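Undergrad: Sequences are here, hints too, so could you generate the full structure?
Protein chains in written order, with numbering that gives the first Met the number 0: chain A, 0 to 498; chain B, 0 to 443.
Calculated from the structure, these hints are not laboratory results.
Take these hints with a grain of salt, some might be off.
[Unchecked claim] Derived list of chain B stretches under chain A, where covered just means 3 residues or more per stretch with a C-beta under 8 Å from a C-beta of chain A:
| hint | region |
| --- | --- |
| 1 | 107 to 114 |
| 2 | 225 to 236 |
| 3 | 420 to 434 |
[Stated by the list, open to error] What follows is a set of in silico ranges between Cβ atoms, one per label pair, in the way DEER data are often shown:
| hint | chain 1 | residue 1 | chain 2 | residue 2 | range |
| --- | --- | --- | --- | --- | --- |
| 4 | B | ASP231 | A | GLU95 | 54 to 64 Å |
| 5 | A | ARG474 | B | ASP236 | 51 to 61 Å |
| 6 | B | ASP329 | A | GLY441 | 54 to 64 Å |
| 7 | B | ASP231 | A | ASP29 | 55 to 65 Å |
| 8 | A | ALA258 | B | ALA160 | 37 to 47 Å |
| 9 | B | ALA325 | A | ILE490 | 45 to 55 Å |
| 10 | A | GLU475 | B | ASN92 | 47 to 57 Å |
| 11 | A | ASP29 | B | ASP236 | 58 to 68 Å |
| 12 | A | ARG289 | B | ASN92 | 18 to 28 Å |
| 13 | A | ARG289 | B | PRO97 | 31 to 41 Å |
| 14 | A | ASP83 | B | GLY107 | 47 to 57 Å |
All of these numbers come straight from a predicted model, not from anything done at the bench.
Ideal placement from N, C-alpha and C gives every residue a C-beta, glycine not left out.
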Amino acid sequence: MDVPLYLRPRIDPPLASLLRAQTFLHSLVDALGSPLNVLLPEVVAENAERFRAVYRRHHLSGRVYFAHKANRSSALVRRLAAEDGAAVGIDVASLEELRHALGSGFTGDRIMATGPKDAEFLWLAARVGATVNLDSPGELEQLAGLVRGHGLGRVAVLVRLSGFESTAQGGTGTRLLARRSRFGTPVREAEVLLSALERHADAVELTGVAYHLDTTGVEEKARALEQCVLFMDECRARGLAPRAVDIGGGFGVGYLADAEEWERWTTALSEAVLGVRPPLTWRGHGYGLRNEGGTVRGTAALYPAHRPTAGPGYLDELLSLPAPVLGRPAATLLLEHLHDLYIEPGRALVDQSGLSLARVLDVRPAGEDLGQYLVRLGMNAGDMSLEEHGVLMDPVLLPRGEPGGDEEQEGPVGVYLAGNLCLEADLITRRLVHLPRLPRTGDLLAFANTSGYAMDFHAHHAQRQPLARTVAVEREGDSWRWCPDEDYWPITPPGGTTA
Amino acid sequence: MRYDSITEAIGNTPLVRIDPAVHGLRNIDLYAKLEMLNPFGSVKDRPAWHMARPHLEGADGEGTVVELSSGNTAKALALLAGMHGLKFRSVTNRMRVPEIKELLLLLGAEIEELPGRSECLDPTDTDDPLTHFHRALSDPDSTYLHTDQYFNPRNTEAHAAGTGPEIVKDLDGRVPDWFIACVGTAGSSTGVARVLREHDPAVRVLGLVAHKSDFIPGIRTIDEVHQVGLFDPGTYDTIESVTSGEAIDGMVTLIRRCGLLSGPTGGAAYQGAVRHLQDADAELDGTGERRTAVFIVCDRAESYLSYVRRRRPELLGQVNRGHTAASLTDAEAQAEARAIAVADARRWTAEGDPRPLVVDLRSPHAYAALHIEGSVNIVDEVFDELVRGGLPFSKRTPVLLACPVGEKSLRYAALLTRMGHPDVRSLAGGIVAWRDAGAPLVRE
Chain A
0 MDVPLYLRPR
10 IDPPLASLLR
20 AQTFLHSLVD
30 ALGSPLNVLL
40 PEVVAENAER
50 FRAVYRRHHL
60 SGRVYFAHKA
70 NRSSALVRRL
80 AAEDGAAVGI
90 DVASLEELRH
100 ALGSGFTGDR
110 IMATGPKDAE
120 FLWLAARVGA
130 TVNLDSPGEL
140 EQLAGLVRGH
150 GLGRVAVLVR
160 LSGFESTAQG
170 GTGTRLLARR
180 SRFGTPVREA
190 EVLLSALERH
200 ADAVELTGVA
210 YHLDTTGVEE
220 KARALEQCVL
230 FMDECRARGL
240 APRAVDIGGG
250 FGVGYLADAE
260 EWERWTTALS
270 EAVLGVRPPL
280 TWRGHGYGLR
290 NEGGTVRGTA
300 ALYPAHRPTA
310 GPGYLDELLS
320 LPAPVLGRPA
330 ATLLLEHLHD
340 LYIEPGRALV
350 DQSGLSLARV
360 LDVRPAGEDL
370 GQYLVRLGMN
380 AGDMSLEEHG
390 VLMDPVLLPR
400 GEPGGDEEQE
410 GPVGVYLAGN
420 LCLEADLITR
430 RLVHLPRLPR
440 TGDLLAFANT
450 SGYAMDFHAH
460 HAQRQPLART
470 VAVEREGDSW
480 RWCPDEDYWP
490 ITPPGGTTA
Chain B
0 MRYDSITEAI
10 GNTPLVRIDP
20 AVHGLRNIDL
30 YAKLEMLNPF
40 GSVKDRPAWH
50 MARPHLEGAD
60 GEGTVVELSS
70 GNTAKALALL
80 AGMHGLKFRS
90 VTNRMRVPEI
100 KELLLLLGAE
110 IEELPGRSEC
120 LDPTDTDDPL
130 THFHRALSDP
140 DSTYLHTDQY
150 FNPRNTEAHA
160 AGTGPEIVKD
170 LDGRVPDWFI
180 ACVGTAGSST
190 GVARVLREHD
200 PAVRVLGLVA
210 HKSDFIPGIR
220 TIDEVHQVGL
230 FDPGTYDTIE
240 SVTSGEAIDG
250 MVTLIRRCGL
260 LSGPTGGAAY
270 QGAVRHLQDA
280 DAELDGTGER
290 RTAVFIVCDR
300 AESYLSYVRR
310 RRPELLGQVN
320 RGHTAASLTD
330 AEAQAEARAI
340 AVADARRWTA
350 EGDPRPLVVD
360 LRSPHAYAAL
370 HIEGSVNIVD
380 EVFDELVRGG
390 LPFSKRTPVL
400 LACPVGEKSL
410 RYAALLTRMG
420 HPDVRSLAGG
430 IVAWRDAGAP
440 LVRE
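TA: Spelled out as structure tokens, the structure:
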């Protein structure tokens with residue numbers, strides 16, 4: 000084998016110390032089954048604080064709203080509910096998420112309702128005094144009708160804008176293209192929305208303007224932010240008094256520790272697609288790249304695993320970027336227009352807060368490929384869905400008991416990780432994963448940093464395979480305490496108070 | 000020299016020997032092919048003209064020339080399209096060098112910037128803007144004239160017919176022992192290499208690519224070259240990577256020691272050439288043999304000031320002149336400035352004798368949206384310039400400075416105090432505190 004093409008995950012100290020507690024993790028899986036999700040609720044509170052520190056550096060006020068959809072856990076939501084109410088809120092995208100947030104201790108004024116909404120979702124949000132992030136003029140009509148029909152109080156609303164690229168304000172000659180979005184009201188149609196807001200002033204109060212762009216490009220976001228500031232000005236001129244600009248999420252996570260590993264691997268992927276080196280993937284999957292007459296075509300649909308700036312650092316970069324028309328840095332623009340900043344981080348807020356464990360069920364040579372193995376796990380692709388967005392980092396091998404005895408395979412080895420479904424496509428990752436040694440039946444593989452959109456986003460009951468249980472853990476001296484996710488409350492350590 | 004059209008001035012660029020005292024190679028003569036002296040400023044003038052010519056001459060003033068380019072090809076095509084009464088549109092990932100973007104706008108180009116990577120990737124997504132672009136090009140009613148520099152064989156031909164033969168002619172019919180080129184579209188390296196090999200198969204061709212995580216204008220990384228249709232690994236005897244640091248080092252050497260106003264791409268070629276040739280040069284010691292090598296200086300330095308500023312600010316070192324708030328430490332600002340709380344400031348502005356001049360340091364747009372009644376707006380950047388020259392108000396006029404949170408205003412208050420103003424105060428907590436205290440703000 001060539002140099003092993005590792006993609007080793009970035010593991011910060013809290014997660015690293017949990018991974019060293021191998022006996023603890025093995026006993027959890029023995030008791031609760033495989034797969035198993037393990038969460039560190041304290042980490043999300045620390046992440047929220049990191050975002051707050053960026054606010055402070057730029058003198059900005061406003062809330063950090065956790066995008067609940069990134070993870071279903073109760074422990075994470077309850078831990079965030081315990082934070083300063085003026086600083087941390089929650090962004091819910093369904094009726095059940097709203098109920099969950101309320102039941103976890105968030106008061107209505109700290110809740111933002113986003114995404115497509117049905118009448119029940121709108122009614123409950125309005126009833127508890129949540130802010131409704133309006134997707135369309137139609138939704139505004141529906142909400143206003145509910146407020147009047149059911150005698151509800153005036154509801155705080157944000158309007159979600161989109162279509163920033165096609166307005167003329169960005170300077171002539173340059174057009175910044177953007178991906179089409181299903182959500183929000185195009186800026187050029189916002190006039191209709193403003194009239195409707197004025198018409199429904201008895202039922203709703205415009206408190207701010209929102210956008211969320213599906214892009215890693217910081218320039219596009221700076222442009223949208225500035226257009227929101229300009230739009231807020233139009234609102235003020237019409238006598239409305241919005242105060243907040245909600246810039247959504249998409250701050251990103253750096254999953255990989257070492258940039259060079261990512262560069263080596265992506266170069267190797269191009270070469271494999273060209274056929275100048277053996278495939279790196281199951282059945283030569285190209286992650287979107289293909290070979291056309293010796294030239295690589297297509298785009299790699301890979302989450303940029305190594306990101307020099309992500310999360311709070313990305314927010315800082317965005318806030319420091321000069322606005323294309325007014326020329327001032329985005330943070331200055333918000334500050335001097337006296338606007339609050341709302342953000343809705345999901346993935347970035349749960350960064351480093353959890354891992355997914357899977358038991359090794361079977362290890363066998365992978366067909367005719369000498370030296371490669373197929374490792375079957377007690378989990379399936381639905382339980383570890385990072386591959387939906389890109390490429391999964393290497394799992395950490397947690398051997399059962401003492402290593403040793405069987406010396407035949409002690410060097411690095413390439414393995415394919417197969418799931419527990421009776422389905423050809425059920426691979427945890429299509430990538431040939433390199434591990435420092437061959438796992439044995441009974442070992443655990445720990446997938447690090449899976450709290451964001453990975454551990455439970457696509458989990459399902461197909462073939463009646465078990466859904467992963469989720470536990471919250473906390474370090475106590477040299478040992479670890481745990482409790483089921485649903486039993487975690489931020490006032491007592493997991494597992495109850497000690498005598 | 001008299002021409003009917005500027006396009007006749009494309010090509011026939013000088014081949015200039017680099018002083019051995021600069022590059023330190025004892026047995027190798029190193030020549031620079033000065034493609035930066037083409038009329039539109041770069042090596043791309045040749046392929047741009049050769050690719051666009053059939054389109055332009057048949058277009059009758061109709062249509063739009065399009066190319067995926069954020070640099071020199073776009074520049075050349077914009078000028079060529081303009082000469083023929085056509086429009087030019089550049090479609091690009093992101094203009095990474097702001098001056099070039101502004102220059103293209105000056106030349107009349109339209110720029111379409113593609114969006115960044117999706118944050119929540121959908122591997123099955125076929126709706127990416129580049130796909131739309133290609134679909135628009137292949138529409139039967141399309142009036143787009145696509146020069147397609149990464150795949151168009153005329154790109155390579157321009158160099159096979161021009162650049163390559165010129166080098167051989169200027170070396171008195173001999174082929175250099177090494178040819179060094181940076182790989183962008185691979186047009187120049189492929190075209191020149193083909194001609195040189197036809198004359199003498201012994202020529203060694205070094206292709207330079209950018210270090211993978213790095214960015215050098217006009218050069219692709221080792222992964223990106225695989226996406227170039229004209230790129231054939233067989234063209235090169237060796238492919239090596241260079242960093243932006245090396246590119247700037249080389250550029251500075253060419254500029255400061257050789258009188259060649261090269262941009263970073265030419266700098267990368269020089270630096271990569273010298274680095275590669277050092278071993279061969281050492282082996283030639285004592286043999287009495289001489290060899291020659293040629294590299295390409297692709298374009299000029301002027302468009303890359305921000306590129307240099309970002310990576311080597313010290314090369315553009317600016318000295319502070321006059322009074323500046325930046326020279327004050329936070330502690331000095333705290334110690335030397337007077338701050339005034341909102342309640343006192345409200346009284347002062349209403350009842351003071353004389354009343355203070357209120358200066359709002361925020362941007363005009365923010366000022367227009369909401370401000371303290373009677374205040375004047377001098378945005379901080381302008382204020383900064385004003386105070387460099389001296390006090391912008393009379394010492395007899397008391398001044399209240401206001402910014403968003405009272406931080407910048409405190410610095411300026413300290414600075415003006417240092418400059419001798421007896422009564423300048425900073426609004427504590429700024430306009431934000433003023434608003435939060437319920438004090439009135441008006442809009443224009």
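Undergrad: Could you run down the list of hints and mark each one as holding or not?
TA: Structure-based check of each hint:
1. 107 to 114: holds (count 7)
2. 225 to 236: holds (count 6)
3. 420 to 434: holds (count 3)
4. B:ASP231 to A:GLU95: 54 to 64 Å: holds, 57 Å
5. A:ARG474 to B:ASP236: 51 to 61 Å: holds, 58 Å
6. B:ASP329 to A:GLY441: 54 to 64 Å: This hint holds: roughly 59 Å between Cβ atoms.
7. B:ASP231 to A:ASP29: 55 to 65 Å: holds, 57 Å
8. A:ALA258 to B:ALA160: 37 to 47 Å: For A:ALA258 and B:ALA160 the Cβ distance comes to about 42 Å; the hint holds.
9. B:ALA325 to A:ILE490: 45 to 55 Å: holds, 48 Å
10. A:GLU475 to B:ASN92: 47 to 57 Å: Roughly 50 Å apart at Cβ, these two residues keep to the hinted range, so it holds.
11. A:ASP29 to B:ASP236: 58 to 68 Å: The hint (58 to 68 Å, Cβ to Cβ) holds, given that A:ASP29 and B:ASP236 are roughly 60 Å apart.
12. A:ARG289 to B:ASN92: 18 to 28 Å: About 20 Å separates the Cβ atoms of A:ARG289 and B:ASN92, which means 18 to 28 Å holds.
13. A:ARG289 to B:PRO97: 31 to 41 Å: holds, 34 Å
14. A:ASP83 to B:GLY107: 47 to 57 Å: Holds - the Cβ-Cβ distance for A:ASP83 and B:GLY107, about 54 Å, lies within 47 to 57 Å.
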